[in-house]
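**Student:** Both chains are given apart, each in its own frame, so use the hints to dock them into the complex.
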Amino acid sequence: MAVIEVTDLRCTYGAHTAVDGVDFSVERGEVFALLGANGAGKTTTLEALEGHHAPAGGRVRVFGHDPRAERRAVRRRTGVMLQDGGFAGELTVRETAELWARLGSRAGDVAHDLERLDLTARADVAVEQLSGGERRRLEVALAIHGSPDLLVLDEPTTGLDPESRRRTWQLIGELVDAGTTILLTTHYLEEAEALAHRVAILRDGRIVRAGSLGDVSAALPARISFRAPPHPLPDDLAALRTHGRLGELVLETHHLQRDLRRLLNWADTHDLTLERLHARGGTLEDAFLGVIA
Amino acid sequence: MNRVLALALSEVRILGRNKLVLATALLLPLALGAMIAADGEDGSWGGVVAMQFVFVMLFCVYATATTSLAARRRQLVLKRLRSGELSDPQILAGLLLPLLVLAGAQSVLLLACAVAFGAPLPERPLTLVPAYVLGSVMSASLALATAAFTASAELAQVTVAPVFLAAITSAAWALSVTADAVTTVMHLTPGGGLADLVRQGWEQGGSVVAPAAGLIVWTGIGYEVSRRCFRWEPRR
Chain A
1 MAVIEVTDLR
11 CTYGAHTAVD
21 GVDFSVERGE
31 VFALLGANGA
41 GKTTTLEALE
51 GHHAPAGGRV
61 RVFGHDPRAE
71 RRAVRRRTGV
81 MLQDGGFAGE
91 LTVRETAELW
101 ARLGSRAGDV
111 AHDLERLDLT
121 ARADVAVEQL
131 SGGERRRLEV
141 ALAIHGSPDL
151 LVLDEPTTGL
161 DPESRRRTWQ
171 LIGELVDAGT
181 TILLTTHYLE
191 EAEALAHRVA
201 ILRDGRIVRA
211 GSLGDVSAAL
221 PARISFRAPP
231 HPLPDDLAAL
241 RTHGRLGELV
251 LETHHLQRDL
261 RRLLNWADTH
271 DLTLERLHAR
281 GGTLEDAFLG
291 VIA
Chain B
1 MNRVLALALS
11 EVRILGRNKL
21 VLATALLLPL
31 ALGAMIAADG
41 EDGSWGGVVA
51 MQFVFVMLFC
61 VYATATTSLA
71 ARRRQLVLKR
81 LRSGELSDPQ
91 ILAGLLLPLL
101 VLAGAQSVLL
111 LACAVAFGAP
121 LPERPLTLVP
131 AYVLGSVMSA
141 SLALATAAFT
151 ASAELAQVTV
161 APVFLAAITS
171 AAWALSVTAD
181 AVTTVMHLTP
191 GGGLADLVRQ
201 GWEQGGSVVA
211 PAAGLIVWTG
221 IGYEVSRRCF
231 RWEPRR
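Protein chains in written order, with the UniProt record's numbering: chain A, 1 to 293; chain B, 1 to 236.
Treat the hints as calculated values from the structure; they're not laboratory data. The beta carbon of each residue, even a glycine, is placed where N, CA and C say it ideally should be. All clues given are correct.
So the derived label-pair ranges between C-beta atoms look like this:
#, chain 1, residue 1, chain 2, residue 2, range
1, B, 213, A, 159, 48 to 56 Å
2, B, 5, A, 159, 32 to 40 Å
3, A, 159, B, 113, 49 to 57 Å
4, B, 27, A, 159, 34 to 42 Å
5, B, 234, A, 66, 22 to 30 Å
Extracted from the complex, chain B is given alone in its bound form (with noise of 0.2 Å):
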């Protein structure tokens, strides 16, 4: 755990020293959040939250792995590191960990700021921890799964395209509808899930199952495809 730790640690370092990735990561979904947030008063401010929390995951966990795995392939640091004593998945778990842990802090920042905006508070906060862990984790594993197909930290801007689309369209799709009418396909649709589950933290609302089940079919997906296609150093 110390190696795996030492390894997050100089992570953080080396985006603290990248400043475009640190302003993508940090900046980027709390001005969306923001902006979202300004005009919570007009709806539900469980649909506020939920749309804020896909965009903390998708920004900061995402988008930024997916980029930080592909450089990090493309520079053949991934090949140095598995010239080393740690194993594939405690590489993966110290390169990751510094996102989860700043999706983390973003998250609780954002809802912070969403009751200072006049939001209410949480009336089942504890289905927010399963949100945060299920989506976090669904994050990164289809960063793992995108990364695979990308070549390059610049290629990465158009082949995140799809999942951070499918994920605000469906989001926006399972949160159009009241909490107690979301359907089983707008849960397995992958912002459908985490959307809702969010939601459900803030207003009452159905089981958390079934949006719960949907995250983790979406990790499986990501899981699967990366363990089938992620390569650790650039094709010959």
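The shape of chain A in the complex, shown without the other chains (with noise of 0.2 Å):
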């Protein structure tokens, strides 16, 4: 059985459709992305999920149970990081910590969840002290605290310095190799393509593109980039030319291995050396873009 069942999901605000018929499942030990611009759909639907937002229409299941008529069942074995909860500012790090330990059922150790947070330091300290990333921080704490089955992450690494996104990230593996299953939405495509197993691109409140990594990019042209030579492009190359700046040529192709011997093969003739050449395959970035724009 799926961890997370979503059907046909509709959602509404007031007149405004915030999601419009989307559909996914999460299997469990799974890591699955949504994606999407701001005002996709994304932390509506992970609402509807959390039982915080009731749905126009279709089903959501977590474990089996509806989050809404069932809270107390999914909240058990869920651990979640919402985009915007805020804290008592008055409490401490460590008094926020375990008072959230105490409002649960699942036993932990709030010291290890500090600790795995990098927040020991800082145990002793108002919540209203702490800065931004610090809060972020905070908030994956209390959501991973005593390793619940499912954990739902809201854009879990905005506002992190570069060394705590990657502390982040490795603390996230650390839980899917326990047996975590993860939904994450995030704004950083390498997140994605980092931490994921699946994907889904929200536009609009609709799901536009889903799969995994590969399948999602898979259709997408690969690209070939270099500086433009002296030399004007055969035809069959020109063809393939998208755009360029700077002095880079950029050509895209679904067939990068025949077109980039092609070109190698004129560079050679006409004895050019083409400087900054790089080939790579159709990636989710492309796919992101491809299907937002």
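**Tutor:** What follows is the structure, given as structure tokens:
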């Protein structure tokens, strides 16, 4: 049985439809990323899964339960990191984490949670004195307490410095290795590429592309880029040219190996060195930019 | 229950660190109570104590709970609490319990002060128990309803005013007549029922059913408004 099953989900805010017929499922031990521009419907989808938002239509099941009607059954197995959850600023980091541990049923070591998020040195500091990045790390610490079966992370590394982001990715990797299922939203495509087994790209409340990273980018053309040579390209390669900037040419092709060989042969024939030559397959970023445009 | 207590204890800790809220909840009703008690010798001690009781419920429970809930919603703390395992009633119980206990302690203190100022002992002390229970629950219920229309802690100073004034005015109205002359309409006002119930604990009076019914009606109104309108996070 899938950990999360979402069928034809629709969510509205008054007359505005924020989520319009979304379907996906997440299997145990899987990392599933919801991607999309601001306002695409990612957070609303998560809120429906968390039971915070009553769907206008469709069906949501988490561990086989309705997250609104059977909140307790879902929450005791789920760690949630909100995009914009708040803290009582008067409490210290340790007091906040200990309170959260007492409010839940999952057993765990608060000190260890803080240590994993590099917050031990800040444990006795009032939450209102934390930086934005430290607050995000505290959010993660609360969400992972007691090793939940499912972790819902809404933009977990927004506001984190590169080192903290890497450490958070490492932590998420450890949780996945331990069998945790993870549903996350992110603005960082490299984060989805680093963590996710499958992704879904949302636009205007609908999933416009979904699948494994390979699936999502498989249909996209590969790219060959290089500094513009002094000789004009032959017609067959020039036809692949899409755009260029700062003296760079970019060719898009669905036959990377064949067209790269042709380009290199042409360069050899004219005794040219193709400077800054790069060739790569389609990426998640290409897919994302292709569907949200 | 342990979880509700854990949340309540953290609220006590927060309350202790927020000097302004603490002063409002503790000192203001005591100061007002002392002022009223200073005039007590000229009038009915039952009326004096009843007015003190109304002030405690309004300041300590109603106004403080409205302010606290609006602030917690603005800070997105309510949203966070809802992402955990507590049910909505448990969250509200945990947040409001310290105020209800504080109101109980203040009530006892005020009653003791009144006796120290020369008031006789209450003739029906057990009547003060439902007065405290129903009065504090009504105040909490009205606070939830008012918080539904209060976007921030600062705005609470404005939004609590109508219920505040209505409760004080109606309490004074009910206390302006003798206990056996209080009408049903007086009992059905937000302060009249509470004031008369407390006075009946101090002095022999009529039935406690009518004033208790008034408190239950206002509790129901507060509950229904909050059920329909209370939001756990700021409007988008």
